[in-house]
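**Q** Each chain, written out:
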Amino acid sequence: MPLDTSSYALAHLRLDGRRWNELRRLHAQTSTQAAADGSSYLEMGNTKVICTVAGPAESRKGGGGGGNAEAKIEVEIGIAGFSGVERKRRGKGDKRTSEMRHTIASAFSANLFAHLYPHSTITVNLHVLSQDGSLLAACLNATTLALIDAGIPMSDYIVACTAGSTASYASNDEDADPLLDLNGLEEQELPFLTVGTLGAGEKVSVLIMETRMQMTRLEAMLAAGVDGCRQIRSILDGVVRAHGKAVLDSAIS
Amino acid sequence: MPPQSSTALPLSPAELSYLHTSLSFDPPIRPDGRTATQFRPLIAETDVLPSANGSARICFADGTEAVVGVKCEVERSASDRSILRSKEDDVRRLGTGGGDEEMRDESSGGEDDEVGNGSKGREEGRNEWVEMAIEIPGYRDDDALPVFLSAMITEALISDGELKNRLYINRRFHWRLYIDILLLSSPLSYPLPLLSLTTHLALLRTRLPALVSEKDEDPHFNDDWEAATLLYPQSDQRTTRPPVTLLVMSVGDNIIFDPSKDELAVADAVLTVSIGQTPSSGIRLLSVRTVDPPSRLTAPGVSNSTNSANGDTAPSMQEALMLRETMDEHSLWRPPRGGMKRALAGRMIKMVVEKGGVGEEVLEGLEGVDK
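These protein sequences, in sequence, are chains Z and S. The numbers in our numbering rise by one with no breaks, and the one at position 72 of the first sequence is 72. The numbers in our numbering rise by one with no breaks, and the one at position 51 of the second sequence is 51.
By construction, these hints were calculated from the structure, which means they are not laboratory data. If you're wondering where the values come from, they're calculated on a predicted model, not measured in any experiment. Virtual Cβ for every residue (Gly too), placed ideally from N, Cα, C. A few of these clues could be false.
To be verified - Ranges of calculated distance between the beta carbons of each label pair, as one might list FRET restraints:
{"no.": "1", "chain 1": "Z", "residue 1": "Ala34", "chain 2": "S", "residue 2": "Gln38", "range": "47 to 57 Å"}
{"no.": "2", "chain 1": "S", "residue 1": "Thr278", "chain 2": "Z", "residue 2": "Ala34", "range": "34 to 44 Å"}
{"no.": "3", "chain 1": "S", "residue 1": "Glu75", "chain 2": "Z", "residue 2": "Glu99", "range": "44 to 54 Å"}
{"no.": "4", "chain 1": "Z", "residue 1": "Ala34", "chain 2": "S", "residue 2": "Asp141", "range": "21 to 31 Å"}
{"no.": "5", "chain 1": "S", "residue 1": "Glu226", "chain 2": "Z", "residue 2": "Gln29", "range": "25 to 35 Å"}
{"no.": "6", "chain 1": "S", "residue 1": "Ala227", "chain 2": "Z", "residue 2": "Phe113", "range": "50 to 60 Å"}
{"no.": "7", "chain 1": "Z", "residue 1": "Ser109", "chain 2": "S", "residue 2": "Met322", "range": "54 to 64 Å"}
{"no.": "8", "chain 1": "S", "residue 1": "Ala210", "chain 2": "Z", "residue 2": "Arg19", "range": "33 to 43 Å"}
{"no.": "9", "chain 1": "Z", "residue 1": "Gln29", "chain 2": "S", "residue 2": "Leu188", "range": "48 to 58 Å"}
{"no.": "10", "chain 1": "Z", "residue 1": "Val204", "chain 2": "S", "residue 2": "Asp62", "range": "48 to 58 Å"}
{"no.": "11", "chain 1": "S", "residue 1": "Arg289", "chain 2": "Z", "residue 2": "Glu70", "range": "44 to 54 Å"}
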């Protein structure tokens, strides 16, 4: 059990030594690939994701079937065979992968200024190198960075993270704490949700939950998740600004 | 990053003719000023994936990038043979026929194991224990490109016949080697050399946990990763290194290595040469394959004399044909026809395989990564 009751109840420390409201180490880089229009590399703990963006480019089907007034966003996710502990080959038509792709595509369709690029397609390619929890959240964050690197305008960052609850059964556990940023082991055992916000405020643009739990815990989890997103946004913003400064410095000197 | 069109602009006949002419000089003049045997600088790093047995990442100078992860899992061998092995003579007499060569190998290997013959006591492996998967963005798994690339790289890997033997644990268990190759950027140029170099580097650094159990009991391994052994042990002088596949092209009489996309567009002939290396006996040629050069797909240029847009009348079919055949080849681009001279192919292979040649240079360079 990732939340061995003895250690958590005594010291309120999770298995990896974090408290309930601490994020894992978040490391992000933009412009990691010279051949792509925009690219990024993101690590949330041990979950590593590479994102490349191509576009906006002309739609291959000549007009996109009916003259779209705005750009279409296509997302491809490739989960590598070596990403989990056991080697497992996942096909592209996998249900979970399709759902993730649809979630990411619709989240960004609403956020990007796609009306500036009619009749074109923006292709996002995500490669998952290692999975250890928070996969959808890491994909959303990496996509945000790559789209910014590609120069596609958007109203604000879409940042995401996971939040869970320590009460794993339908117990009337009043002290059940919400947990922020679950790792792989915790995701397997505890109920959790992935929440994505638009910027640092409270505008939730993505909310996915696949496990079951009591309604009363939802509010606390959501609050913890939104707070975590705020922290992540400031980290990602720092990364983007640092990269921009480096580019400007090298251009001026 | 400035937007690049995902479908590259085709080169015009004038550009093709210019490239072809400058590459046919002696020495060839390449668009980026390299010599014929000079490779572009690349970035290579190993052990990028801590959860894999071995991994590598290589970025070429044109921005294409590949990551390879090698994972090994213990698998139970088809243990029906252990029943057969108790009656070795019966197995031979059962006459598995000429067809199933591997079964004969296994049974003879097992029999020798029991009898304890020193000379043929090698543990035999099977080639199916190596599995490879290539992912290229924009291509499905059953498209031609990933399938061909996978076949070419696997063929070079198992051609020395020794890799599979190192995957043998005991008669009931063996290692299954999974090689997952990811091309991270869309293939701007033929991706085979990039994928092959990255696979070579990943395999060079692949480690297997140290075996602690003995003989045929359930395999147990040392928990300490520091005690893990390399799949391609460096100290053993007899083991071959993992193979490498190089792309070599020719224009006229010139042989050019590491061609860029533009240079491939005007190639007369393209070969992929796979080499392996034993530290004691040098470079060994494993396979040579011809690749249809992309120049054949390019439409020929139209000369002014046959072009009706000039105001004259267009020539008839026969006249146009005759004009095209007799025209001087240096004035107009035409796709190459026919095959390549055997002597030229021989020279290309020799340049890769000889002592102090290109093959040695590449392998030495890769060995020096992360040391």
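**Q** Run every hint past the structure and note whether it holds.
**A** Hints and how they fare:
1. Checked against the hint of 47 to 57 Å, the pair Z:Ala34 and S:Gln38 fails, with Cβ atoms roughly 20 Å apart.
2. A hinted range of 34 to 44 Å for the beta carbons of S:Thr278 and Z:Ala34 is consistent with their spacing of about 36 Å.
3. Here the CB-CB span from S:Glu75 to Z:Glu99 is close to 32 Å, at odds with the stated 44 to 54 Å.
4. Remark: the range hint 21 to 31 Å for Z:Ala34 to S:Asp141 is upheld by a beta-carbon distance near 27 Å.
5. Checking the proposed 25 to 35 Å range against S:Glu226 and Z:Gln29 shows it holds: the Cβ atoms sit about 30 Å from each other.
6. Between S:Ala227 and Z:Phe113 the beta carbons are some 56 Å apart, a value that agrees with the proposed interval 50 to 60 Å.
7. The hint said 54 to 64 Å for the Cβ distance between Z:Ser109 and S:Met322, and at roughly 59 Å that hint holds.
8. Separation of S:Ala210 from Z:Arg19 is about 38 Å and conforms to the stated range, judged on CB atoms against 33 to 43 Å.
9. As the Cβ distance of Z:Gln29 to S:Leu188 is approximately 22 Å, the hint placing it in 48 to 58 Å is violated.
10. Against the hinted window of 48 to 58 Å, the Cβ-Cβ separation of Z:Val204 and S:Asp62 comes to about 42 Å, which falls outside the hint.
11. A hinted range of 44 to 54 Å holds for the C-beta pair S:Arg289 and Z:Glu70, which are about 46 Å apart.
Of the numbered hints stated above, those contradicted by the structure are hints 1, 3, 9, 10, listed in ascending order.
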